[in-house]
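*Asks:* Listed below are the residues making up each chain.
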Amino acid sequence: MKTIEVKKPSGYATQIGPAHPALKEPVMFSLDIEGERIKKADFVPGMAHRGVEWMGMRRNCIQTMYLAERICGICGITHSISFSRAVEQIAQIQVPNRAHYIRSIVGELERIHSHLLWAGVAAHELGFDSAFYLAWRVRENVMDLLEYLTGNRVHYAMIQIGGVRRDIVPDQFPRIEESMKFFEDAYAKLAAVFLDDTTVQMRCRDCGVLTYDEARELCPVGPTARASGIKKDVRIDHSYAAYGDIEIQYQTPDLLTGEVRGDVYDRIITRLLEVKQSIGIVRQLLAMLPDGPLLAIPKPAVLLAKLKGAAGEAVGRHEAPRGEVMHYVRLEAGKDEPAAWKVKASSYSNYMAWIPMMEGEQIADIPIIAASIDPCISCTDRVALVRPDSRQILTKEDLHRLSVEKTRRIQAALAK
Amino acid sequence: MNLLAPQEIADVLQAAAGAGFVSARCTEWAEGVKGRKSRQVWVKLARESLLPALRRLVEIQYPHVSVIASADTGAQVELMYHFYVYWGIPHEEILVTFTVALDKTDLKVPTITGIIPGALTSEREKQEMVGIEVVDIPDGRRLFLPEDFPVGVFPWRKDETGIPPDMTKELWATGRETCQFSDNPPPAEPKAE
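Which chain is which? The protein sequence lines are A and B, in order.
Just so you know, we're using the working numbering here: the first sequence kicks off at 1 and counts up by one.
Just so you know, we're using the working numbering here: the second sequence kicks off at 1 and counts up by one.
Some hints could be false.
Calculated lysine-lysine pairs in the DSS-like style (CA-CA distance at most 25 Å, straight line) [claimed, not checked]:
| # | chain 1 | residue 1 | chain 2 | residue 2 |
| --- | --- | --- | --- | --- |
| 1 | B | Lys37 | A | Lys335 |
| 2 | A | Lys306 | B | Lys37 |
| 3 | B | Lys158 | A | Lys335 |
To be clear, the hints were calculated from the coordinates, so they are not data collected in a lab.
Okay, chain B solo, but in the shape it has when bound (with noise of 0.2 Å):
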């Protein structure tokens, strides 16, 4: 197998996702006596180039797909798909990271399930954890939350689709006893009627 660049890797991306290419970068990192460096490439697309750079990439070597990562930047709500190629190639394996930004008043993005089938649970996940609609999942049922969560929030937003703060419970303020070995000072006492 010819292996490319993380440089090569970034400009046949590039082509492959035509207008919908916004930027990339290559970034590495060394560790160890030996300072053996892994690489990696953070690519930023648009929508609907995610397929075409993702058939792409499969060309190159057949991906495992890691994690689908999210951030909330405020407007959008940005998804990281982790992909990596070379993999079984010792020291060789690419960090592939494919960033697409979706508004928050339109928050569709098609599955890769039909490429990679071992997506799906992330896909899953960030349907419930994000509140973005996968298009065309295969299976759109919740995956970690329970069925008597409520709709319409989105615990890994951070607006007003949150955790209410009345969903969550500070452990501190229940008073509850320390533990008994602990050098914490004890719980303040209830006050009397």
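Next up, chain A with everything else stripped away, as it sits in the complex (with noise of 0.2 Å):
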């Protein structure tokens, strides 16, 4: 096995985590700095690998479902979505209309809440804590609506191989209207804020470059694709659920700005964008429910039955906020749990991004990069940096602080 040939690092070292800086998740860098520049970047995570996968193949297909929608807090149904996906593809299970619209709906509902919530935790690496109080008083809204229409503010517990288990009524749609027109609101103040605003553009603008070459090579999804230009998304590529009804575009920054740069600023207006997009698909499918049952087999005992006699394999994809999420399954005949089962979330796919956008920038950049491809991973709190002679730990405060005084001598000198 060849290990990675370890060079003589210039000025020193630094390793961020495995506190995260920019979110409250593990998952450790290490950086090869001189003076400010980051000239080398690394990274190592698994500080929250709980071997999902291994306790799925050791479980029914129904209890890997609820697993599967355990395994992201914020995702609270990209993960059944495409597990369910890839089993009813093995046993031909047809998914009633109306709950691949259902599934579309509440898909697009966990879009804007974790959109708004990225926007807040930007603005407060950033030090615009302000605006991180005005993103995150917006998500109340869709928090609440996702609580009205699930029942539940995460996992949602919506999705059952086969279908939906909870309807959405006529005597919903209202509060749902409602929603969406405070949304409409919510998202000029929110572009104004974040779009308009000159030390905003100072610090996201050419920041964490990520060009399209390197985006295409190394394979990202998601709006960290999008915005470096690749177009890419699982909901217009490869038509699923209610998706394959409807016209939508690839959301990618020139729609707006008319150039696409692929730093920190596009990341940025990928996600408002989307958060846009979101709120007009979910009033077109709404419109457009279709009648119908819930559920194609309604009795898990019927369903288990079929699914033990199920052989094959398959892939259910879904495009989660933060990208595509896949899951390969594969089933044997005659058993209940799964053969094989590997999730890929989308920061997997978005992590070796990382190492291009940070090589050549500022230490006080760290958190608004590594936070610009909206990393799920999950807890921190110290950063510890290695001279030759001594040991320094700079807590996730300090490194905190060391961004917000970045954005307060930009806002200093602008005001000279």
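Make one complex out of these two single chains by using the hints.
*Replies:* Right, here's the structure in full:
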């Protein structure tokens, strides 16, 4: 087994993590620093690896579906949709159309809540805590809506193999439309706060650039890829659920600015555009919602018996807020549990894009670059600066302070 | 761009793979009112044909590599390389899966990072999780498993090299108090000695 050649670091080496500088989730960065510049970046994930696939291969498919839902607390529906779609293809279960539409509607509401959560985190990393409060205040509305429709703020438990577990009835439509109007107003406000602000532009423009070619070769997904001009969106490329019935466009930053630069600012634009797009998709799907049953096989015992007889392999995919989530499932006849299960979460594909984004940037830019791919990992608290003669520990708060100070310096320079 | 149908993709890959071609099948799946189809091509290859077939696939369109999945089938470990071609063209994307079966006596496979650098994450993960050796991998370190994880234990294998029983913890067996709002019966009282 060959290992990467360790070159003598120029300047000094910085370890960031396992505490994550941006989100409260553990991943470790090793950076070679020269002055304030990052010369070389590397990362070590795995601090929150819980062996979910190992557990799933020891449970029956319905239990594994609920386990899959608990892989992520923010993408509460993506993993259960992906796993169910893979199993449905193997067992040839035709999901009723009404269930396809409800899956897509909840998926879009989840995208709105996740992108607003991200907008708040990004604002906080830049030191704009008033924008952070605004974004999270707006997000509460969609959380309330999700609770109203599904009964839960996270882990909606809407998906069952072969359909959905709860209906969306006409009595609920006015409440949904009320929220959509609210988000339209909020979108205008958030766009003004994030896109027209000079300081945000100075911190994010041409910072953490991922070029089109780098993005193509490193295979990131979702807004991270689209902000670099890669037109890739599972909803459009590989139609599934209700997305094949409507016309939607790839959301790339040039729709707003006329150019693609692949920097942090473009990733902000892409996510804001997607919030607007999701509002439109929810309205269209509600207007088109077909009648019919919710589940192909309502009785779990019958479903389990059918799955026990199914054999084959399939891939289930869903465009999560962070990009493509993909589940590979293989079933063997006569067995309750999947013979093979591989979960590919969106951040799994996006990790490698950090390296070209960070190299050449400043230490104070680490929080916003790390946050700009919207990583989904899990909890953290310290940064160690390793120098040949001394060892200095920087806490997450110190790093956040560095980022805020850089923003203040820019603002002070602007005021002069 | 002249788009190839799934069967045509299977045919050109068969020609590129030569003697290492094992089998190919095409599948479709439709969802929604309009019933737009998503299409898949599943190709089984010998290890020697992996790189020639992939180079031919790159000529069709530079593929997006999603992940390399794995399955332990007893005497063999199967690797499923999932690629997408025709991404960026609405409703035309095709999933192309290369399945390579490796005997457990010789678990070596060439790296594909020379063609698609983005596959590195997945190749590193397969080395530690199923115990294959990716020949010429540019970075062979562990990825998700901690440094102190025992050598020679591969979590996704189902044979004696898998997770041994003494490494697993059954939560129900710990007798930990259940949630106070739960309807579950309380755990058994420990016996007085």
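*Asks:* Each of the hints needs a verdict: does it hold here or not?
*Replies:* Do the hints match the structure? See the list:
1. Restraint check for B:Lys37 and A:Lys335: the C-alpha separation of about 29 Å exceeds 25 Å, so the hint is violated.
2. For the suggested pair A:Lys306 and B:Lys37, the alpha carbons sit about 24 Å apart, so the restraint of at most 25 Å is met.
3. Between B:Lys158 and A:Lys335 the alpha-carbon distance is near 15 Å, which keeps this suggested pair within the 25 Å criterion.
When each numbered hint is compared with the structure, a violation occurs for hint 1 only.
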